[in-house]
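S.K.: Next come the chains, spelled out residue by residue.
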Amino acid sequence: MPSLGISATGLDAESRRMEVIADNVANAHSTAGPDGKTYRRKEVVFTSHLENAIGGGNRTLGGVRVSDVIEDPRPLRRDYRPGHPDADSDGFVTMPNVNMVEEMVDMMSASRSYEANLAAVRTAKAMANQALEILK
Amino acid sequence: MERYMNAINFDSALDAAGKTLREKVVDLKDGADQQGGEAFGNILKGLVDEVDSLQKNANSSIKDLVAGNRNDIHNVAIKMEEASVAFDLMMEIRNKLVEAYQEVSRMQA
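As they're listed, the protein sequences go chains B and D.
Each residue of the first sequence is one higher than the one before, starting from 2 at the first, in this note's numbering.
Each residue of the second sequence is one higher than the one before, starting from 718 at the first, in this note's numbering.
Each hint should be verified, as a subset may be incorrect.
[Claimed, not checked] Derived coverage of chain D by chain B (criterion: at least 3 residues anywhere in the stretch with Cβ under 8 Å from a Cβ of chain B; other residues may be distant): (1) 764-778; (2) 808-816.
[To be verified] Here are the simulated BS3-like pairs of lysine-lysine, each with C-alpha atoms no more than 27 Å apart in a straight line: (3) D:K762 <-> B:K137; (4) D:K780 <-> B:K126; (5) D:K780 <-> B:K43; (6) D:K773 <-> D:K762; (7) D:K780 <-> B:K137; (8) D:K813 <-> D:K773; (9) D:K813 <-> D:K762; (10) B:K126 <-> D:K813; (11) B:K137 <-> B:K126; (12) B:K38 <-> D:K780.
Honestly, the hints are just simulated from the structure, not real lab data.
By construction, the Cβ of each residue, glycine as well, lies at the ideal position given by its N, Cα and C atoms.
Chain D with its partners taken away, still in its complex shape (with noise of 0.2 Å):
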């Protein structure tokens, strides 16, 4: 039951920062029609956080896994890929923001 548990958290996690993700997508629209929105920055580090916070789950159950007080193999190795999949997920909209910003900041006043 326990173990059932850990999967329920770990995807409710991801789902989590997935709609986080999604709001901040909308933010940054928002912000470009409105002149002045949510800052690259921040937007960047919103991302990295939750990145981040996955990255940091999928380090604690490692250490778990090595020290001997789990013994579930695959859930770990999931929780790696699914901080994997959330980092290139975040990588690639990172390329998009700065790819954008680039256009921006290279536009003739």
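Chain B on its own, in the form it takes in the complex (with noise of 0.2 Å):
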């Protein structure tokens, strides 16, 4: 069943999306990472995977894959805490270009794909079904 197939990469990309949507969340306010670097908003890029379809199935259909997880270019905000370990010598601490309700509608969104890939993993199964229904 190649529909299956094609539903898992789906839900493979989506929940790798709302994987990418909790570390922005869970870095909302992280001033410094490993590299000592502010954190910068993560995106995922969905691309179709055309070769390498799935076997048996269609040759052109071959699901969905997150093929890079790029930053934000957009410019990182700046907050006044001099009291900060992290702030600089006046007194400002860069902090991430995460804004909160994005990330909400984000996961919003993802949680709504995710779940319509599962209604096609559940139409696929339920045709597969009819078909067996045919032979009671």
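With the hints as a guide, bring both chains together as one complex.
M.R.: Now the structure itself:
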């Protein structure tokens, strides 16, 4: 059942997207990372998979995959916090460019897309079961 | 990427199972035509073996999930569902085979 495999790639991709959103939310207030730099918001890039198509199925359908996780180039926020250990000489701390509202919307989108893929799985399964009804 | 490969693997496994299933059914038909093709027992055993391998595959992924070696619940659930559909298909074919066998065995000489 190739449609199940395709939906599985969609589920994989959406859960990966959710991981990236979770990372953004968790690091919304990280002033320094392991490299000493301020955390930048991350985003997934989805690419449809054409070559290496799912075995037996239509050669032009191969599902989706997360081809890249990119960093958001928008400017980082600067907060005046003179007492902070990561503050510069003027007392400003560079904060991540994570916008909580945006992350919440992305999260809802990821959750709904995951749900849509699950609906496709359920329908493919129901179709297989309906075909089995012929034998009964 | 590894996850994606998994998706491909179980899919091709199911397709392979389906292909062999088709061959078996064709064998059965040919056997009936030529008097004495493959034995009923062998056909059933072949079907059972294929479904068994799918179920073993699903089982090992459940074990991996519980052990924490993987965290893609959806792929495990899909594998379980595929094993279940394959099992249902096998049961239906088995029922048909047994039905046909009984039909023949009831025939008066």
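S.K.: If you check each hint against the structure, which ones fail?
M.R.: 1, 5, 7 and 12
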